[in-house]
Amino acid sequence: MLSAKKKIYILILTFCLIDVLLFILVIFPLTRRVEENANEFRDQQKNLRTLEAQTVSLKDFQKNVNDLENYNLVVQNAFVDPTAPVSFLQFLEKWAINYNLVLTVSPFDSPAIKGDIWSSVGVKVDATGNLADCLRFVEMLENSPWVMMITRFDLQKNTTQEGVEATLSFDIKAFSGKSAVVKKN
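Residue 80 in my numbering sits at position 80 of the sequence shown, with consecutive numbering throughout.
In short, the hints are calculated from the structure, not lab data. One thing to keep in mind: the hints can contain errors.
As the list claims (entries may be wrong) - Listed below are the simulated PhoX-like cross-link pairs for lysine-lysine, each with C-alpha atoms no more than 20 Å apart in a straight line:
#, residue 1, residue 2
1, 94, 124
2, 124, 173
3, 94, 173
4, 114, 178
5, 114, 173
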């Protein structure tokens, strides 16, 4: 039979072997899974922070989209319809009435020239009235919401008993916002 000392050694060796097997088969895989889950949790936290930042950016973008849509409407309304520039002509007539001017407006074809990025409509404007009113009318045109360029300008003053009368004549190139087609000769 085995002595008590040998039985104790065998018992200690068996417990050590069970401990090693328990560590290798249970505790080691468990710690590895805990480490993987911790790494996945950190990754999910990073993703969550990124999504929160994107949500804030998306809300800001949505606010900007509404502003951009409003701005787009303003910009689109600043261009003249090349097929029927009625609203632009009405604009000129309305402001001429506001400044007590006698106005003659005649649209004409404005061919595209090199350097034009938009097609345009030409409008010849002749106005008669008080000199100060004529100058305010031109200043209003410069500050108007329309995209245009005054290509010819002629102002003649006449002194009368009622004050300084003026005859104003100029050509406007009102842009349509559509691409210009430059004809090659």
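Now the hints, each set against the structure:
Between residue 94 and residue 124 the alpha-carbon distance is near 16 Å, which keeps this suggested pair within the 20 Å criterion. Distance restraint check for residue 124 and residue 173: the Cα-Cα separation of roughly 9 Å lies within the 20 Å cut-off, and the hinted pair is therefore satisfied. Restraint check for residue 94 and residue 173: the C-alpha separation of about 19 Å stays at or below 20 Å, so the hint holds. Distance hint between residue 114 and residue 178 is fulfilled; the C-alpha atoms sit about 15 Å from each other, no more than 20 Å.
Taking the CA atoms of residue 114 and residue 173, the gap is about 14 Å. The hint holds against a cut of 20 Å.
The structure is consistent with each of the numbered hints, conforming to all of them.
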